[in-house]
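Go ahead and model the full structure; you've got the sequences and the hints to work with.
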Amino acid sequence: MIVLAAPAALLNAAPGLGARLVGAAVVITFMVSYVLFRDWERFGPLLLRHPTLLAADTLFGSLLLVSAGPDTTLAYVSVCTPLLAGLVYSWRGAACFASLQSLILLLVHATLNTDRHAPVAEALFLPGLCVVAGAMGSTLRDLMLRFGAATQALTTTQARLAAAEAVSAERARLAREMHDSVAKTLYGVALAADGLASTVSMATPDPARLKEQAELVSRSARRAAAESRELLTDLRRERPETPEEEQPGTVESSERITVWRELELLARDVTARTGLLVTCHWSCVPELPVLPAPLTHHLFSIVAEALENTHRHAFATHVEVRAAVDGDLLRLAIRDDGTGIPSGMTLERLCASGHFGLLGMVERAAQAGARIRIGQVRHQPGTEVRVELPVSVLNRVDPSLRED
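Quick note: the sequence shown uses the UniProt record's numbering, first residue 1, plus one each step.
Derived by calculation from the structure, the hints in this document are not laboratory data.
Careful, some of the hints might be misleading.
As the list claims (entries may be wrong) - Label-pair restraints from in silico Cβ distances: (1) T156 / R219: 44 to 54 Å; (2) A110 / P45: 32 to 42 Å; (3) F315 / T156: 47 to 57 Å; (4) G23 / T156: 45 to 55 Å; (5) R92 / E170: 48 to 58 Å; (6) L154 / L48: 24 to 34 Å.
For every residue, glycine included, the Cβ atom is placed at its ideal position computed from N, Cα and C.
In C-alpha cells form, the structure reads like this:
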C-alpha cells in the first residue's frame, strides 16, 4: 500500500507543511510495517491485544489518502483494513474499522470532489466495499477458528486412539507370551504335582520315584519363576533391543542356529517329555531361508502351541512338521493323526470358554505377515495347521514385529 500511495501522495501534496506531513506519514507507516514484518512473533501479539495500533496505522494511511485522492489505487487498497480487522478482532473489530474506513473515504471524497457533483452510488461504492470486506474477514476468522478446533479435536482423538491401540496391542502381546510360557509351565507343575500326590498315596511309595517327581516339580516351578521374571523385565525395559540380542523363546546365538534347527530340538523335547512322536521334514533344506529373529520367535511359538494342543486335546500318536519353499511362499505345516477339531468350534467359542491358544496363533501369524489355516485334514483324521509366509517379507522386517 505504501508503494502504491507514496508517489501519488507526494506529487499531489502541497509544498511546505503538507509535503512534510505526507513524507512523515510515508516514513512512519513504512517503518511500522517493516518492524511488524521483521519481528512479527514479538510485536504480533501486541497488535492482537491492542486494536489502537491498527487504528493509528489507519489514520496515518488516511493522510496519504487525502494527498493521493479518492480516485487512486490507494483508495481501493484501503478496503483491506476492515478485512484485516475482521480476521484479527472478530466481528466487533470488523464493524469498528469498517465504519472508520468508510467515514474516512466519505470525508476524502466529499472534501476533494467539491468541484464536481459525483453520483451518490460512486460516493458510497468504496464505503460499501469496506462493510463487505469486514464481514468477509469476520466470516473467514470464524471458519479458521472452527477448522482449528476441529483439527485439534481430530488430533486429540487420534492420539487417544493410538494410545488405546498401543495398550490393546501390549495387552494382547503379554497375553500371548504368558499363555505360551508361564501358563504352560504352571500346567506342567500341576501335572507333576498330581503325579507326586499319586505316588505318595501308594501303599509302598518308591523313594527314588518320589525324589524324581519332587525334583520335576521343583524344576518346573523354577522355570515358571524365571519366565515370570523375564516378562517383568520386558515390561520395565525402556530401551529397544538391538538386532543382535536374543529373542525369548528362541535359541539363536552367535552360531546362527536357524529356526529349522530350533524346531527339530523342540520336536525332540516334546517327544521325550510327552511320548508323542514328532517328526520334521524339510524339503530342499538349502533353499530354506535363515529367518530374522522376530519371525523366528513367531513361527517357533506357533509350532510349539500346535504341538501342545495336539498333546493335550487330540489324542494323537504322531505329528509331522513340514516346511518347503513353493515359489514366493514359505509353507509350514503341522499335521497330526488325532481326533481333529470338533465341528462348529470357532475362535469366539474358544475364547469364551477361556482357551486362547488358537487366537494367539492367529495373532502371531498376522504380526509376521503370514496367512494361517487351522482345520481338518482332507480325507484323513487329524488336524492341520498351515502357515504361508511370503518370502519377500523376509527382506523387509517391520519393526512392529519385534516383541520386545
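Distance restraint evaluation - G23, T156, Cβ atoms, bounds 45 to 55 Å:
holds (53 Å)
In this structure, is the beta-carbon distance linking R92 and E170 contained in 48 to 58 Å?
holds (51 Å)
Between A110 and P45, does the C-beta distance stay in 32 to 42 Å?
At 38 Å between Cβs, range holds.
Are L154 and L48 spaced within 24 to 34 Å by their CB atoms?
Cβ of L154 to Cβ of L48: about 25 Å, so the range 24 to 34 Å holds.
At the C-beta level, are F315 and T156 separated by a distance inside 47 to 57 Å?
holds (54 Å)
Is it true that T156 and R219 lie within 44 to 54 Å of each other by Cβ?
The hinted range 44 to 54 Å holds for T156 and R219, with Cβ atoms some 51 Å apart.
In this structure, none of the earlier numbered hints is contradicted; all agree with it.
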